[in-house]
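Each chain, letter by letter, is given below.
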Amino acid sequence: MIENAPIRRLIAHLVLILGILVVAFPIYYTFVASTHTLQTILRPPLPLLPGKEFFANYWQALFGGIGRIGGVGVDRLLLNTTIVALAVAIGKICISILSAYAIVFFKFPFRMTAFWLIFITLMLPVEVRILPTYKVMVDLGLIDTYTGLTLPLMASATATLLFRQFFLTIPGELVEAARVDGAGPWRFFKDILLPLSRTNIAALFVILFIYGWTQYLWPLLVTNDNQMNTIVIALRKMISFADADTEWHLVMVTCVLAILPPILVVVLMQRWFVKGLVESEK
Amino acid sequence: MAEVTLKDVRKVYPGNVEAVKGISIDIPDGKLCVLVGPSGCGKSTLIRMIAGLESITSGTVSIGSKVVNQVEPADRDIAMVFQSYALYPHMSVYDNMAYGLKNRGTPKAEIDSRVKEAARILAIESFLDRKPRQLSGGQRQRVAMGRAIVRKPQVFLFDEPLSNLDAKLRGQMRIEIKKLQQTLGVTSVYVTHDQVEAMTLADVLVVMNEGRAEQIDTPIGVYERPASVFVAGFIGSPAMNLMKAKSTGQAGLDLAGGGSVKLREMSTPEAGRDILLGVRPEHMSVVTEDDADLLLDVSVIETLGADTLAHGHVAGGKPGGGELVVRLPGSTRVNVGDRLALAIQPGMAHLFDASSGRRI
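Residue numbers (the working numbering), protein chains in the order written: chain B, 62 to 343; chain R, 104 to 463.
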């Protein structure tokens with residue numbers, strides 16, 4: 062819509078700028094706080110400009126260890142969370158693309174039963190089945206392990222349904238052409254289906270990576286050892302009710318560091334994702 | 104190279120829907136067989152059974168001398184061109200053509216030479232690196248053909264390959280397919296609902312209706328001696344005139360809609376028998392009233408340039424009965440309301456039994 066109405070355009074821009082300020086200001090303020098000493102933060106008002114402690118604070122948080130969480134450094138937390146988020150995202154994509162492949166392209170007894178069973182799990186997120194799942198993890202000795210952190214989060218009905226819907230739009234003639242061309246089930250999956258699904262995979266990866274990164278309840282339950290904490294859990298543990306006990310400057314550093322990887326994934330994958338969207342066709 | 108033989112092939116879908124009701128066809132080596140019919144007549148089901156994409160309920164399909172009922176599509180030594188072309192969207196034109204050969208473990212050098220050769224034949228060498236979406240409909244069609252050619256199969260199967268093209272391109276590709284098939288000499292089966300494609304391409308023409316082969320003949324045989332009312336009405340444009348009539352027994356027919364037609368140079372069925380008379384619009388000519396077989400009162404005229412189509416009803420008929428179209432040379436001047444004296448060209452009147460619809 063192109064029209065020459067300066068006042069309306071001005072108002073539109075003002076609204077947009079206001080929106081950006083509302084969203085961006087807390088993040089900026091977190092960053093500012095992460096560059097001051099604890100004393101500066103505790104003595105209001107907090108300056109609006111970054112302080113001089115940037116390197117000192119970040120160095121201490123990353124490699125010095127943080128007292129309130131047993132001296133574990135943020136580097137370890139970032140590693141843990143990355144492993145969990147990647148394992149959840151990749152695991153979910155692998156499992157759901159394979160199950161969708163089976164349900165859409167193969168005829169086997171109880172195919173629809175299998176589909177409905179997967180569908181029903183939509184009603185059973187981790188929060189609902191938390192006690193039995195926890196019991197299973199304890200019995201299997203998976204507390205404080207990466208397996209325990211990721212496995213229960215992996216099965217995903219949503220992703221399976223997404224892939225199923227996408228596979229259903231692949232024309233039958235394409236499948237038949239591949240059959241005539243001598244592509245068996247595995248070749249068809251590898252040579253045709255995977256390349257065609259790459260946009261869906263990219264989109265899902267972004268969503269699932271962030272889902273894994275921000276997991277709170279399950280990691281809280283299944284980890285006791287500070288070494289196994291994810292960054293979100295550690296952040297919670299760093300904050301005490303008494304202000305004086307909390308190392309606010311380190312909390313702020315951890316916050317900033319916790320935000321960065323998801324932003325990175327979104328920014329990097331988005332370019333790929335949009336490219337895929339533009340190229341996509343059937 | 105191989106002949107294709109179908110013996111009493113049947114297809115029954117779950118729910119007892121019989122799509123193909125026992126068809127036997129012999130396609131000699133190197134010939135092109137066209138399956139033509141209205142949608143839902145079972146022609147696509149039949150070609151998919153030859154391809155192996157559809158199981159065969161009973162009967163046998165043989166390629167060469169081998170029965171292939173239980174053979175996977177990839178092992179039948181066939182190549183298929185689909186209606187939607189079914190090109191792999193993420194692969195280049197080159198890879199699209201090479202994919203089938205790669206899966207068969209053909210050596211790289213061999214694949215390369217075959218793809219290049221097919222590209223040369225089809226004049227698509229300049230876009231081997233492009234993706235299908237960067238090609239026009241006609242070019243995609245060529246790539247689909249290329250994918251079939253590189254395989255050097257015993258049989259080509261075409262499932263309505265031209266129906267997604269515009270009319271002009273369709274005519275052009277039709278001629279190219281014919282040429283290509285003749286040069287390569289590969290036995291082919293071609294499905295279409297377009298009677299022009301059917302007539303121009305076929306060595307063997309199979310007209311199908313409701314799961315049955317109504318007639319299997321050469322195109323000209325189908326045109327000149329349609330085996331049934333269905334075939335008579337399906338092949339030819341404008342369609343053959345079909346009129347209900349009763350035989351007078353004496354070289355003539357009384358039309359159900361009123362009026363009468365003389366029959367010459369052919370045996371007349373016994374008197375009183377209910378029949379259908381079929382005459383193609385192009386097989387009648389204007390003569391003097393003495394030589395006329397029937398008289399036509401013209402009600403509508405369509406001037407096409409090369410031809411003039413005169414619609415009307417047989418003189419002496421009730422309004423709405425005995426409707427008839429005649430195709431006259433473009434130079435003929437006719438006016439609405441004229442009475443035309445028409446003679447049916449010798450041997451060009453077709454008689455069908457009214458109840459069975461079969462040719463008498």
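I should point out that these hints are in silico values taken from the structure, not numbers from a laboratory. Note that the structure is a prediction, hence the values are computed from the model and not measured. Here a beta-carbon is modelled for each residue, glycine too, at the ideal position from N, C-alpha and C. Heads up, a few of these hints could be off.
[Said to hold, decoys possible] Some, not all, of what chain R presents toward chain B, calculated at C-beta under 8 Å:
#1 TYR116
#2 PRO176
#3 HIS193
#4 TYR197
#5 ALA270
#6 TYR326
[Claimed, not checked] Only pairs whose alpha carbons sit at most 16 Å apart, straight line, appear in this in silico EDC-like list of lysine to aspartate or glutamate:
#7 R:LYS205 <-> R:ASP180
#8 R:LYS205 <-> B:ASP252
#9 B:LYS168 <-> R:GLU157
#10 R:LYS169 <-> R:ASP180
#11 R:LYS219 <-> R:ASP198
#12 R:LYS255 <-> R:ASP180
#13 B:LYS251 <-> R:ASP132
#14 R:LYS282 <-> R:ASP320
#15 R:LYS219 <-> R:ASP232
With a cut-off of 16 Å on the C-alpha distance, tell me whether LYS251 of chain B and ASP132 of chain R pass. Not satisfied, since the Cα-Cα distance of roughly 37 Å exceeds 16 Å.
Given the hint that LYS219 of chain R pairs with ASP232 of chain R, does the C-alpha gap stay at or below 16 Å? holds (12 Å)
Chain B contact restraint for TYR326 of chain R - C-beta distance below 8 Å: Violated, about 32 Å.
Below or equal to 16 Å on CA atoms is what counts here, so check LYS255 of chain R against ASP180 of chain R. This hinted pair holds, its Cα atoms lying about 8 Å apart.
Hey, LYS168 of chain B versus GLU157 of chain R, does the alpha-carbon distance stay inside 16 Å? holds (14 Å)
LYS219 of chain R and ASP198 of chain R: Cα distance at most 16 Å? holds (12 Å)
Answer holds if the nearest beta-carbon of chain B is closer than 8 Å to that of PRO176 of chain R; otherwise answer violated. holds (5 Å)
Is the interface hint satisfied for TYR116 of chain R? The criterion is a beta-carbon contact with chain B at less than 8 Å. violated (15 Å)
Taking only the CA atoms, is the gap from LYS205 of chain R to ASP180 of chain R under or equal to 16 Å? holds (15 Å)
Quickly compare the C-alpha distance for LYS282 of chain R and ASP320 of chain R to 16 Å and report which way the hint goes. violated (21 Å)
Please check whether HIS193 of chain R passes as an interface residue: C-beta within 8 Å of a C-beta belonging to chain B. holds (4 Å)
How about ALA270 of chain R: closest beta carbon in chain B under 8 Å, or not? At 23 Å from the nearest chain B Cβ, ALA270 of chain R fails the 8 Å test, so the hint is violated.
Hints 1, 4, 5, 6, 13 and 14, counting from the list given before, are not met by this structure.
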